[in-house]
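Q: In case you want the letters, here they are:
Protein chains: 4
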Amino acid sequence: MKSLMIGVALVLGCGAVSVARAQSWSPPADGQRCPSKWGAGDQRGSGNHMKAESVLKAARLIKTGEVFEISHVLEAGMPISATRRFDVHTKRTVMNPQSNRRGSNEELVVSEIGQVGTQFDAFPHQTIGDSLYNCFKLEEIQTRTGFTKLGVENVGSLVGRGVLIDVAALKGVDMLPDTYEITVADLQQALQRQSLALQPGDAVLIHTGWSKLWGKDNARYMKTCPGIGVAAAEWLAKQDPMLVGADNWPVEVAPNPDPQISLPVHQIMLAINGIHLLENLKLGDLAGKRVYEFAFVMQPLKLKGGTGSTVAPIAIR
Amino acid sequence: MKSLMIGVALVLGCGAVSVARAQSWSPPADGQRCPSKWGAGDQRGSGNHMKAESVLKAARLIKTGEVFEISHVLEAGMPISATRRFDVHTKRTVMNPQSNRRGSNEELVVSEIGQVGTQFDAFPHQTIGDSLYNCFKLEEIQTRTGFTKLGVENVGSLVGRGVLIDVAALKGVDMLPDTYEITVADLQQALQRQSLALQPGDAVLIHTGWSKLWGKDNARYMKTCPGIGVAAAEWLAKQDPMLVGADNWPVEVAPNPDPQISLPVHQIMLAINGIHLLENLKLGDLAGKRVYEFAFVMQPLKLKGGTGSTVAPIAIR
Amino acid sequence: MKSLMIGVALVLGCGAVSVARAQSWSPPADGQRCPSKWGAGDQRGSGNHMKAESVLKAARLIKTGEVFEISHVLEAGMPISATRRFDVHTKRTVMNPQSNRRGSNEELVVSEIGQVGTQFDAFPHQTIGDSLYNCFKLEEIQTRTGFTKLGVENVGSLVGRGVLIDVAALKGVDMLPDTYEITVADLQQALQRQSLALQPGDAVLIHTGWSKLWGKDNARYMKTCPGIGVAAAEWLAKQDPMLVGADNWPVEVAPNPDPQISLPVHQIMLAINGIHLLENLKLGDLAGKRVYEFAFVMQPLKLKGGTGSTVAPIAIR
Amino acid sequence: MKSLMIGVALVLGCGAVSVARAQSWSPPADGQRCPSKWGAGDQRGSGNHMKAESVLKAARLIKTGEVFEISHVLEAGMPISATRRFDVHTKRTVMNPQSNRRGSNEELVVSEIGQVGTQFDAFPHQTIGDSLYNCFKLEEIQTRTGFTKLGVENVGSLVGRGVLIDVAALKGVDMLPDTYEITVADLQQALQRQSLALQPGDAVLIHTGWSKLWGKDNARYMKTCPGIGVAAAEWLAKQDPMLVGADNWPVEVAPNPDPQISLPVHQIMLAINGIHLLENLKLGDLAGKRVYEFAFVMQPLKLKGGTGSTVAPIAIR
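Residue numbers (our numbering), protein chains in the order written: chain A, 770 to 1086; chain B, 770 to 1086; chain C, 770 to 1086; chain D, 770 to 1086.
Bound conformation, chain A alone:
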């Protein structure tokens, strides 16, 4: 199918643009992308931006101490992939026999806890074939109980300058349309409108408005979403961020406008460039108050060998 389309393009004398359209994006070969810019064997990728300077830069952005909780509550009614669960079973109260009548409660949670709610993607989450970030190979690092390399426990807290890119506001809408692909120009214009420039090490959060559907129309929330595509992802990767997040479920547009490829931004960010993703953010308050630059703080759980972590990040100004 692919080669047929290329053939037709050539016969018809279509130009480079048409050919590019006809061809699907495909991930680079291992040799083209490895070792990563952070060095052979590196497991931290964009997490390497987390350093004392990054913390100091964030601290300097704290002016009023106002905190914005930018994660959703983890609860039964939240949007969730059909293959994932978030089940909480409150155990029966245990009454201890001693005289102070101390009762204890706790809950069993059964969940893909690395990949539910507001969630942070670590590098084992996505592959290109059998190859992951920095060309670690599945068969070398997979076990039944986690990955021996690249696990989310390597990340640690991420603290740095946070920047909100409000594409919805740029477009003058509350919420971008279903399946809208955010372009490079959108990002650049939104930043210009906000009088901000990205810096290496930023936590870049994109406001699409999509989370207005959270808990209200979960079916629509999960079916598609507006978000960045291949071009915007490649541009963002060049800005060298600490992570890229959005208020939708995959950061990127879904489904991809090219039906032949599946969530390519996941590969571009996680596998190819070693840049973490942060999904299902709750950005309405930041956008509503036009808080575009802030201290970003996030603490992924140290799940040994984990593919990610549900998180509860904050923005502070």
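Heads up, some of the hints might be wrong.
Repeated chains share a single entry, so a pair holds when one copy, or any two copies, can fit it.
Restricting the straight-line Cα-Cα distance to at most 25 Å, the calculated cross-link-like pairs of lysine-lysine (DSS-like) are [stated by the list, open to error]:
hint, residue 1, residue 2
1, LYS918, LYS985
2, LYS1058, LYS832
3, LYS832, LYS918
4, LYS820, LYS1058
5, LYS1058, LYS826
Hints listed in this document are in silico derivations from the structure and should not be mistaken for laboratory results.
Since chain A is already given, all that's left is putting chains B, C and D on it; use the hints.
A: Using the frame of chain A, we list chains B, C and D on its own:
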């Protein structure tokens, strides 16, 4: 045994102090402890200290940007209560059919995730009979899938001044002895030695050295531990902290020297005073570098109706 | 509403029947129903029918050796209560390092395994207030990990004469109407039509045809169902069966025609009379071939302290 | 490698014993073992013996109706592989709001339910490299939620002649020694002592006495065990049984006397010959009463795509 001791005390004409020692501590009646000082119906307790001022105070303590991860890795080999689990099942890789060969990984976690690893206790965790913090009643707020009041999702990120009280250093040991009860004098002398005074809203972390056993002698780690007792807990509660944490599993001494009562500090802090607890901290680096005052940042997961959350807090100086 | 209707009935001089209709069924007091006819402290109830004679009676009914599997497959697409799960996670293949290249597979199942699919109800499953079969009390036998009395592990295999009562065939339909309450007369006429009489110790299986919806219209299958009501249940209990089963989810009609009561047949059978229930049977083959009398064999799992067991019973003729 | 070693052995004139020691058993190539004797594409293997005749043969063995429960209770204190769980969480009682005060109980079970307790092995459980029974390939039939072929739901109830081979009694011991390999001669002599001959389609159960350790010394129970080795397994496979079971955890001797191979009998039975295994049986009562021939009945759960099932089989005489 109890009545016998009281009888002897009376016969010998012992004063009130002796009688108090002979008698077990017992929790106050509901009428004596409710409403809490934070007001009837309050669900946040010591979490009310989390305000813009608390954040600004913390930010001012950030001088070098050095971050200390004070949580343990969540893994199979960690100490854990016999009635709890931390099981990670890495699901089989799904290879998506599209041309970009995107493979997806995720893990199912089965765990009392609110009560494993470095863990933060919310108020539904502990009762006095059928009564909880601010006299919410078990039968009114319990469900199969969480608590309708007091759940950890109400807490949000906690940012404030953190103070390490190094009792092990005061005593000139790496690790306090098994079942050692930390006294009020210990806390006061340790603070004096560190030239620090507690302030309302502090995140107070107590270094016992016990976490040296973590992952090395889990059986001993869980069997007993040094920690604060009733007297030190009541003194700490009067200092009005944001939370009290330690590098052992229950913050408090275990078992309690009085065999008739079970973990009374849990009731004193959570149920009576509405003060959060933070357990299984990793404080060796802070203590080793004598970092006694710092910015404390912690993000509990927003588990709706949850009794607590495993956490990954940091200290920043 | 209830007392008003009784008042009206008395004023109008209505007879006993009318009053009975106006009043909801209510369970007898403990003193009226305990000890059970099987003796104080008995935990087996109708399972006491399982004896050598019962097995011999069943064996004599085996004429051709033809086996009918009367359970459904346990799978993701089956009807299930909204509060229950049946999740299978096939673990990653482990390849053992030895020279014979032996790979091992196994699956983690997360499920209310006692109460999913074709399922057998043991006595801890249902209460009248805080009282269970033979007046065992909830607070005396409940633990976090099972019941100390009445657990399904006490039951063992049940082998006996099985009788199918085909009410759908009596009515000349494939499937009884939604919410149809099977009457005593229905049962008696169906037996007469089949030239059969019930005997003490029988496994009585009622064919409603409802399982035609299984896996095809799960929402309708679970929303309501035809089945026996209070009167038919009380009549069946007097026949002294080993168990009562049906090809619907609760054996009984749902919802009960009297909106003031919830699944009363569960209390009549399990709590009051100590008769086991067997739900979600697949009886189409038996009914289609008019197999009305057969050897019935069922092996509940020995889940210590369990409320029931998913099962895979058979009928043999 | 194998042929080379044989060549060397012949040249050097080494005896049969030496050659056998030098060479490890290795599984046959796919071409040598497929299609299975039950035909290409067959998924039932020895389960094909389950037919009306098998049932009639079993029924004829029922003389007194006495039932022997030959499975263990599923409970927390049972021996279990370190990588498996059997966790029961009794959910909080739900009290329904209607007037009949009906309370409901149920439990969440988290377990490798196909591979715990007295357990029946289906064919997806074991591989030779990437190849399973009848040369189905892992990559063709595996999914995250079960196997698309060979799943235990295909088996159905197994009813047939059961034969107990009491090797412990032959040896005049209660329990065979740790790591004792049962030989072909042992099986033959034990049968001769019992005046019995195996027939095609038999459920063959081997009594080693090992289950005396069950729940009493679980560590020893799981560490090693007496059982059949390669030679006895190959002899048994030629007898064409419906299944082979034992009162130990892997049916076979463990570890295998040849340290270069891992549980070869699993491959011989499941993958090569398509014969089911039945583990962790409780055979003390049968052996104690010298019940050597009986009706065997077992009902595996119909876990779609499952690798096996915990079971509660019975023997009837």
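Q: Would you mind marking each hint as holding or not holding in the structure?
A: Cross-check of the supplied hints:
1. LYS918 <-> LYS985: between (38 Å within a copy, 22 Å between copies)
2. LYS1058 <-> LYS832: within (15 Å within a copy, 29 Å between copies)
3. LYS832 <-> LYS918: neither (39 Å within a copy, 33 Å between copies)
4. LYS820 <-> LYS1058: between (29 Å within a copy, 18 Å between copies)
5. LYS1058 <-> LYS826: The answer is both: 22 Å in one copy and 23 Å across copies each meet 25 Å.
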